[in-house]
Amino acid sequence: MKRRKTGPSGVVEAPLDTRAQARAKEEGLPSVKDGRLKTYEPGDNVAKFLDLLDRRVSRSLAVSLTACVHCGLCAESCHYFLARPDDPTMTPVWKADQIRQIFKRHVDWTGRLAPWWVKARTLRDDEDLNRLKNIVFGSCSACRRCTYNCPMGVDTGLLVRFTRGLLTELGIVPEGVFNVSRDQWETGNQMAVTETDYLETLEWMRDDVRTELGDDTVDIPVDKPGCDILYTINPREIKFDPRSIAHAAKIFHLARESWTMPKWGWDQTNFGLFSGDDKLGAFVARNVYEAAERLGVKRIVISECGHGYRSTRWEGYTWAGHEQKLPTESVVVTLKRYLEAGRIAVDPARNAEPVTFHDSCNIARSGDLVEEPREVLRRVCADFREMFPNRRENFCCTGGGGLLSMAEYRPLRLEVAKIKADQLRATGAKLVCTMCHNCVDGLADVIKHYKLPLRVVQVLELVSNALVIPGRSGS
Amino acid sequence: MSDFLKILENEIQIAALSFMAVVYAIRLVWLFRFRNRKEMTFTAGSARAGAGYSLMNIAMPRAMESTRKRPSFYAQFVVFHLGVAAAIAGTLIIPYAPGVFEIRPVMRLFQAVIAAAFGVGLLRLFRRLTNPVLRTVSSPDDYFSLILLILWFAAGVLAVPNRPEAGEWPLILYFGLTAFFLVYVPFSKICHYLYYPFTRLYLGRSLGHRGALPPRGGKRAAAPSAKVRA
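The listed protein sequences correspond, in order, to chains C and H. Each step along the first sequence adds one to the number in this note's numbering, with nothing skipped, and position 234 is 234. Each step along the second sequence adds one to the number in this note's numbering, with nothing skipped, and position 95 is 95.
Hints listed in this document are in silico derivations from the structure and should not be mistaken for laboratory results. Only a predicted model underlies this, so the values are computations on that prediction, with no experimental measurement involved. Virtual Cβ for every residue (Gly too), placed ideally from N, Cα, C. Possibly wrong hints are sitting among the right ones.
If you want the footprint, here are the derived chain H segments under chain C, 3+ residues with CB under 8 Å [claimed, not checked]:
(1) 135 to 143
(2) 185 to 199
Now the in silico label distances, taken between C-beta atoms and shown as ranges [unchecked claim]:
(3) H:Y143 x C:E323: 42 to 52 Å
(4) C:K298 x H:F32: 52 to 62 Å
(5) H:P71 x C:D86: 20 to 30 Å
(6) C:R23 x H:V183: 53 to 63 Å
(7) C:P30 x H:F34: 29 to 39 Å
(8) C:K239 x H:L122: 51 to 61 Å
(9) H:S2 x C:R124: 47 to 57 Å
(10) H:F34 x C:D215: 56 to 66 Å
(11) C:D219 x H:S46: 38 to 48 Å
(12) H:Y143 x C:K25: 29 to 39 Å
(13) C:R343 x H:V29: 53 to 63 Å
(14) C:P30 x H:V183: 34 to 44 Å
Extracted from the complex, chain H is given alone in its bound form (with noise of 0.2 Å):
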């Protein structure tokens, strides 16, 4: 292995990895400027119970509509977001733990992981180009962060078996592009996972100490299927 790409994968992933912790630190700190309002109401639900349940919304595909009628597109995210972990964690086991990716099915199947969010990386961006909502709304920012992670997932696949021996240019691209991206994420979309526990705690409490949520008894809200009402 070159000196270079050992600088790579350590010294220079540190520092843009303490990069990012310093600008995500000062972004919540610009959060916390923000006030935030007192409930001053008798609670018909529990704000806790509301929080946690919005929280785990993630992992609750029947709870909302959009993601119910449309479970390939929730299949997606999951994949998707199992591809950005697993390539997260490759750019840690490669370094610091590189033997768990001489386990052949492991590294295959980070592999797999990472290779089948290449694939929904492409569907997302075939969508955003085609779809006219999507097109409309969508910023640079977008598109730069979707090409970005789509060429990343691309790098993983081809740098997980880590063998430099063999070239090191995938591993090289895949470390590069991933200190790059602990530089850019934070003033791009793809910071929203800092974001996200924020607004999911705020609406889950709001709308647990009304009693909204978690919904309360009562049949399906969505329309039966046509056997059933008939």
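Chain C with its partners taken away, still in its complex shape (with noise of 0.2 Å):
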């Protein structure tokens, strides 16, 4: 199918691609077969979209649509709108004003009652449906940074993300949310990551750090039951960043940790999250809650990831119905222990380079981390400046919401980076550091596209690099 890059309100004109779901439902995959995983059926999609978006719709979802005041405040707190100042349709307001019109005409009563007057619409046919899937999965990547800036509390980040579930549950998504969350569905993990594959690249970290120590005592765990913490991981790090794991592997070692890993519930990210599935963002959490109760943990360890923090130690609970019952915490809160407690040494001095940080917005507007990774960073690093602004101000990486496994809208996404470009150019450093492998990735597209002289690394990295190893000379 032929892709136009950009209609001219400005949104990318993306036509709805099903092959995949046309590969999934021929091959008979059982997550199809008992309805898991939503396909697309032409039809009345349109009717089964306002069903859905009058049972799913939660009191804050209601008050966030009908709050709006049309202020236009959150424009400029959008990367979008920022990198198109021309274009009203790259504001948050606009993106969040595509579900609101919906809402207003079928279920709230000013626009029953008068659609015009509230600019309220109904969809017409299912053009009408992937047009919107083009709007919130192709210009937001839900960051929540308007959601802070706006006077009257509108969660837009919320509402995009809902919209998204409802167009989910009706298979209208980009192929490769399909992909991924038909992946996550039949393995367990977003990449598909076999159980040969997983414990291999595990045995193969645990010899490499074997080799680097001259420490046969070296494990990597995997189902030892007892333990005081079980880590969770990142399946890009199985796939292509299996050194993160050694870091920690090597961490946990020197300090003398009690851990394992999980042979089954290792995969802490969530696709759920970004397509707005609730049901497969509860049954990959519940995947981590109950290999930790099956094997007596004491804590859940999240391995640097940003939407995976997010959704397991956040909305995971919540979407799984699951009482949290143990602590549930990023490894970057188990390093600054471990440094506080002094059961690892650092030395600075081992990583000279200056050193920025870039915050996760799952991490740092979603959740509550925002000081951790800066103290730690102040005790690895030799130079350590922040870049501007930050913390929950931060600018997405760009690559959040999912935006990475969405070819289609890549030439918008790296249009609007030129924020985070600029952004990161300014701090003048050699090192980007990021506690979230998403933003890994899309902040090493964005050095790429715009030619920054910086290198992306994560804080286990640059604690790894620190480390004094006990008898080591040169320590």
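Fit the two chains together into the complex; they arrive one by one in their own frames, and the hints show the way.
See below:
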């Protein structure tokens, strides 16, 4: 299918691509057969959408849908609009209005009484739904920067996720979203890593750390019951960046941590957050919680991942209807504790290059960690410098909201990444550190596209570099 | 004072106010029919503190980048809403405590505040008509509500001296518009003040529970001035 770049409104016009869905149906995938993974079926999708809209709106969403006064203050908080200041369709208010207008027409009485007066509208056909798909998936990373800048407290990020969820239920999603959801439903992890690949990579990393430390007692335990912590990771670490597992293993070993990784339920990422599919979110999160309970650990530790942290620490318990029983924390919090307790020794001179820190949206704005990574970085880096704005005002890496998996929106994503590129360039740093694997790829794209003299690193890598290993000459 | 003006200042206002209260009550019942999600996680902060911070956001222009970078916008917001408060107060003072406006400085203060709000209203209308973003998202209700408020402020400035003997038309206009407002407001964007506490409460409670609000520790997130940075 031919893809047009952008329409006159500025929104990307990508047709609905259902080839992967057709293949999944042909193959008779269990998740498709039993209806967990929805596929597109031509028919009365508008009626289904409206029915879902009415049934799924929560109170906090309802107030966000009714309270906007169209003041426009959110516009300049959005990197899409800042990069395209002449395009009103890039503003959070316009994007949120696309679902708000439908809500007004069908659920809220003002729009039912006099639709034209409050600009309420209905959907005509699947083309309208596809257009809505392109808006909520293609022109917003659901970073919630606008949420923090709305005087009324309208949560546009949440509205975008909600709308994505309705469309996902109808199979009206970008192909990449379907593919990743399929993999997570089918294999329990979003990159379809097999158990063999998983276990072999862990063994490989264990051997690497043994060689590096010259210590055969180093281990990466799997399914070891009764440990203090259960370490969960991002499948990207198995597929593309296994060194991050080695860094964690090395640090855990030196800190004499009692830890294990689960054989099943190790993926802390959760595409349900991006697709808006709470059922997928519940399935993936429950895998982790049940693994922790099965192994009788005392704490769940989440490797460096923004949306994984938000999903596993915060949203997952609600999606799964699972009352939290165990402390659940980011590995960065674990590292901070080791440093404070003197369980590991570090020498910041080993990270001599200037380092700046990029706050992940899902951790800083939808979570609780802004100072913790900074406290760790100040201990392990010789030259730490802030980028501006930072913390909860930081700009998205531009790859958030699952956008890295949606190729059709890449040109727009990289165009609006100019804001992030300018922000990075102004730091003068050589390394940009982030505690999110998604941001690693998002930032790497920005750096490559805008030819910035920077490299992306993560907190574990910098801590690992700075480790003073007992008995090692030069330590 | 004519009988018509007396009825307009009293019975009609009370009837319109009662109508508004009934519609608001229905509106709240409608809102509460939507389910609320139960929080199932350990807290990292305080939902109550977050909610309090979020609700007080209205008085903290430094808290948000959007108002911090536009102090004039925030000032306009303050003036505009003080004008609304003064104009509402005027509708109660004139019929029930007319002595207040016999104190000349008080009356002049009310006039000044409402007049300033009138000016801000005109600025807001100009902005809504000329800013492409606002023009794109604005509905007829957005324009109508604003124009109505501007007219109401103008009527308020003229009516506050409360001198029916010098001509009743400013008072008739003021109270007529007020009655219309009371009936129209629940159906318009002006009822945002009914939702404001809820949006702020839910957002603040959720982010407060997570420890994201109120912001803790840390130095300024925004860029320091060039001088400081150097």
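Tested hints:
1. 135 to 143: Result for this restraint: holds, n = 8.
2. 185 to 199: Since 8 is at least three, the answer is holds.
3. H:Y143 x C:E323: 42 to 52 Å: holds, 49 Å
4. C:K298 x H:F32: 52 to 62 Å: Once the Cβ atoms are compared, 40 Å apart, the range 52 to 62 Å for F32 of chain H and K298 of chain C is violated.
5. H:P71 x C:D86: 20 to 30 Å: Holds - the Cβ-Cβ distance for P71 of chain H and D86 of chain C, about 25 Å, lies within 20 to 30 Å.
6. C:R23 x H:V183: 53 to 63 Å: Since R23 of chain C and V183 of chain H have Cβ atoms about 58 Å apart, the given range 53 to 63 Å holds.
7. C:P30 x H:F34: 29 to 39 Å: holds, 34 Å
8. C:K239 x H:L122: 51 to 61 Å: holds, 60 Å
9. H:S2 x C:R124: 47 to 57 Å: The hint (47 to 57 Å, Cβ to Cβ) holds, given that S2 of chain H and R124 of chain C are roughly 54 Å apart.
10. H:F34 x C:D215: 56 to 66 Å: holds, 58 Å
11. C:D219 x H:S46: 38 to 48 Å: This hint holds: roughly 40 Å between Cβ atoms.
12. H:Y143 x C:K25: 29 to 39 Å: violated, 49 Å
13. C:R343 x H:V29: 53 to 63 Å: holds, 56 Å
14. C:P30 x H:V183: 34 to 44 Å: Hint violated: Cβ distance 58 Å, outside 34 to 44 Å.
In this structure, the earlier hints numbered 4, 12, 14 are contradicted, and the remaining ones agree with it.
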